[in-house]
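Student: These are the residues of each chain, in order.
There are 2 protein chains.
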Amino acid sequence: MEPNDFFTPVADELQIVESSLETNINTKLSILQQASTHLIKAGGKRLRPAFALLAARMFVDDLDEIIPLAVALELTHMATLVHDDVIDNSQTRRGTDTVKSLWGNRLSLYAGNYIFSSSLALVAGYRRQDMISILADTSMKICEGEIIQMLSAYNIEVGLKNYLRRIERKTALLISVSCQLGALLTPASQAEIAALQKYGYYLGMAFQVTDDILDFVATEEVLGKPTASDIKQGIITLPTIYALRVSPHRQQLQQWLSSAQSCIEQADHIVDLVIDAGGIDYAYYAAQYYTAKAKRQLSYLPDTPITENLRNISEFISERNY
Amino acid sequence: MEPNDFFTPVADELQIVESSLETNINTKLSILQQASTHLIKAGGKRLRPAFALLAARMFVDDLDEIIPLAVALELTHMATLVHDDVIDNSQTRRGTDTVKSLWGNRLSLYAGNYIFSSSLALVAGYRRQDMISILADTSMKICEGEIIQMLSAYNIEVGLKNYLRRIERKTALLISVSCQLGALLTPASQAEIAALQKYGYYLGMAFQVTDDILDFVATEEVLGKPTASDIKQGIITLPTIYALRVSPHRQQLQQWLSSAQSCIEQADHIVDLVIDAGGIDYAYYAAQYYTAKAKRQLSYLPDTPITENLRNISEFISERNY
Numbered sequence: 042m043e044p045n046d047f048f049t050p051v052a053d054e055l056q057i058v059e060s061s062l063e064t065n066i067n068t069k070l071s072i073l074q075q076a077s078t079h080l081i082k083a084g085g086k087r088l089r090p091a092f093a094l095l096a097a098r099m100f101v102d103d104l105d106e107i108i109p110l111a112v113a114l115e116l117t118h119m120a121t122l123v124h125d126d127v128i129d130n131s132q133t134r135r136g137t138d139t140v141k142s143l144w145g146n147r148l149s150l151y152a153g154n155y156i157f158s159s160s161l162a163l164v165a166g167y168r169r170q171d172m173i174s175i176l177a178d179t180s181m182k183i184c185e186g187e188i189i190q191m192l193s194a195y196n197i198e199v200g201l202k203n204y205l206r207r208i209e210r211k212t213a214l215l216i217s218v219s220c221q222l223g224a225l226l227t228p229a230s231q232a233e234i235a236a237l238q239k240y241g242y243y244l245g246m247a248f249q250v251t252d253d254i255l256d257f258v259a260t261e262e263v264l265g266k267p268t269a270s271d272i273k274q275g276i277i278t279l280p281t282i283y284a285l286r287v288s289p290h291r292q293q294l295q296q297w298l299s300s301a302q303s304c305i306e307q308a309d310h311i312v313d314l315v316i317d318a319g320g321i322d323y324a325y326y327a328a329q330y331y332t333a334k335a336k337r338q339l340s341y342l343p344d345t346p347i348t349e350n351l352r353n354i355s356e357f358i359s360e361r362n363y
Numbered sequence: 042m043e044p045n046d047f048f049t050p051v052a053d054e055l056q057i058v059e060s061s062l063e064t065n066i067n068t069k070l071s072i073l074q075q076a077s078t079h080l081i082k083a084g085g086k087r088l089r090p091a092f093a094l095l096a097a098r099m100f101v102d103d104l105d106e107i108i109p110l111a112v113a114l115e116l117t118h119m120a121t122l123v124h125d126d127v128i129d130n131s132q133t134r135r136g137t138d139t140v141k142s143l144w145g146n147r148l149s150l151y152a153g154n155y156i157f158s159s160s161l162a163l164v165a166g167y168r169r170q171d172m173i174s175i176l177a178d179t180s181m182k183i184c185e186g187e188i189i190q191m192l193s194a195y196n197i198e199v200g201l202k203n204y205l206r207r208i209e210r211k212t213a214l215l216i217s218v219s220c221q222l223g224a225l226l227t228p229a230s231q232a233e234i235a236a237l238q239k240y241g242y243y244l245g246m247a248f249q250v251t252d253d254i255l256d257f258v259a260t261e262e263v264l265g266k267p268t269a270s271d272i273k274q275g276i277i278t279l280p281t282i283y284a285l286r287v288s289p290h291r292q293q294l295q296q297w298l299s300s301a302q303s304c305i306e307q308a309d310h311i312v313d314l315v316i317d318a319g320g321i322d323y324a325y326y327a328a329q330y331y332t333a334k335a336k337r338q339l340s341y342l343p344d345t346p347i348t349e350n351l352r353n354i355s356e357f358i359s360e361r362n363y
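These protein sequence lines map, in sequence, to chains A and B.
Residue 363 is where the first sequence ends in our numbering, and the numbering goes up by one at each step.
Residue 363 is where the second sequence ends in our numbering, and the numbering goes up by one at each step.
These are computed hints drawn from the structure, not numbers from a lab.
Beta carbons are placed, not taken as given, at the ideal position from N, Cα and C, and that holds for glycine.
Treat each hint with caution, since some may be false.
[What the hints assert, rightly or not] In silico lysine to any residue, SDA-like type, Cα no more than 20 Å apart, as pairs: (1) A:K239 - A:R352; (2) B:K69 - A:S193; (3) A:K202 - B:S71; (4) B:K69 - A:M191.
[Said to hold, decoys possible] Counterexamples of contact, computed for chain B against chain A with all Cβ distances above 10 Å: (5) S60; (6) D105; (7) E106; (8) S270; (9) P346; (10) T348.
Only chain A is shown next, with the shape it has when bound in the complex:
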């Protein structure tokens, strides 16, 4: 089964979301329009819209009302991606064209703000204060996650708790909210909404753990970015946390991971040591653990074909590219 097959029950609606993403970025400033829609045109899995639509489809047939939410969720996600792109100084310092690099930096900042505000405008249309509160709260927590990640860079003392808090905020919360809000707009019961919210949360955790594994083992083609990009930025994820604890070469690992320069220069060696120490296997078990928790939530939901889909997605998530 291919990933896109999971979304077949909402394929038509995802098409509408896709075309709505661009039309909802609507500024007369052509450079802002270009920058903001650039990422949209680059495509993507549209996971968050898909989860909102699937969650709603469990309870209603007509998903027209869910479309603006689905678009807003993807825009919120994109705003965080654009802000992630705000180039760190070390990268821009390599460049020669300084005005251009300054311009790129600032434009990313404001384009991210613009996209987030566009998403807000869409959610405001629902006239539901609870949805805005959830979105504001999620956005604050995403910021916290980014800062925890920033503070944890090159920090070899970082433990499991820090890692889980980070990926919860970075990934799990917005997927969780996607499931929750999708169901919130239907006649689903409180218990059903809560189960979908938790399903999204655990699935998001599994998804990010798997993403962090792929950063070690996948090819650049699969990733769409250089392999070991986390290590190169000093971001210590689950496989590394495990290796730092159990590797016979942990002193060497500690030394390399503490400095920005050696994280870049020794990235390949660090990756080898982490894999040799069993870091990938450990993380793989963690992903399976969260997948199991996600699946368990489905038992509180009506037994529909969509429920089966959600079960299959969770299994696929932790098996990606293995």
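Dock chain B against the given chain A, drawing on the hints supplied.
Tutor: Below, chain B without anything else, positioned relative to chain A:
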């Protein structure tokens, strides 16, 4: 009359706003808390809360319901200030401690997002979709303003229309929205809300034109930042636009203003040429023009002591530090 006297009718409420600003930034991440409250502790005129409170006081005595809005407006403003602080590359390149400068940059980005989301959470509490829509729309326009300013830097072709669009988005809109939303939460009529919205708009325009004058003529102590900081960043404001058109030395001005290096190196000379060309006087008339337009809106409002206050504020704005 001192600026603070204008706000005497809402002085008690402004006190509450002041103490609420910090308590509304509420993260367990101490560094984010510190960064986000740093700007609050630095103080400020709290213009936006003051206008929201004054606008509401025209129609109701009890302003308890307006306080969260007033806090949210100041937080929205602060979020834009924090994002303005995201250090441009040329500045950080001067530094020696690269990890530290990287860290400052990213933290400003996420702290700004965090503060904006906090403000959103507050406004969500009103359960009024129109308020969220207005806030989202304003936020998008503020982004556009920043980008127009960015694109216009070092551009000697920039004209009056570009300048007015820029300051509208940078300053006038949020002051306008402050007056509008303050009145929106009271029994004010649509016409009265519209008059206050326009008053805030024209006052904001006058305020920013005057701010741009002060950047040329005020001391560093008054400004709280280096004099001629606009010129040094290649930001072409009204006095310069005028001088570029009429100065006998406009070719020299054009040459200097087109390059980042000469904007910094020749800043003092540029300031002298702009003043000699009558750029300050021209901008001063523009500020008076907007002040007159602001005052005219007050005739559509009930004749209360607050109306008189708003009239005095508008006069003071365009006479600041002359």
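Student: Hint check: K239 of chain A vs R352 of chain A, CA-CA at most 20 Å. Holds or violated?
Tutor: 13 Å, holds
Student: Find the nearest Cβ of chain A to the Cβ of T348 of chain B and say whether that gap is larger than 10 Å.
Tutor: 32 Å, holds
Student: Does the claim that E106 of chain B lies outside the interface with chain A hold up, using a Cβ gap greater than 10 Å?
Tutor: Consistent with the label, E106 of chain B stays out of reach of chain A, its closest Cβ about 15 Å off (over 10 Å).
Student: Next pair to validate is K69 of chain B with S193 of chain A; report whether the Cα-Cα distance is within 20 Å.
Tutor: Answer holds: K69 of chain B to S193 of chain A is near 16 Å, not above 20 Å.
Student: For D105 of chain B, is the shortest CB-to-CB distance to chain A above 10 Å, so the non-interface label stands?
Tutor: It holds; D105 of chain B is separated from chain A by about 19 Å at its closest Cβ, greater than 10 Å.
Student: Was S270 of chain B rightly flagged as not at the interface, with every chain A Cβ beyond 10 Å?
Tutor: 16 Å, holds
Student: Could you check that no beta carbon of chain A comes within 10 Å of the beta carbon of S60 of chain B?
Tutor: The claim holds: S60 of chain B sits with its nearest Cβ about 21 Å from chain A, beyond 10 Å.
Student: Far enough from chain A: is every CB of that chain over 10 Å from the CB of P346 of chain B?
Tutor: P346 of chain B clear of chain A: closest Cβ-Cβ about 35 Å, beyond 10 Å.
Student: If you draw a straight line from the CA of K69 of chain B to the CA of M191 of chain A, is it 20 Å or shorter?
Tutor: 16 Å, holds
Student: Has the given pair, K202 of chain A with S71 of chain B, been kept, meaning a C-alpha gap of at most 20 Å?
Tutor: Measuring from Cα to Cα gives roughly 17 Å; hence the hint holds.
Of the hints listed earlier, there is not a single one the structure fails to meet.
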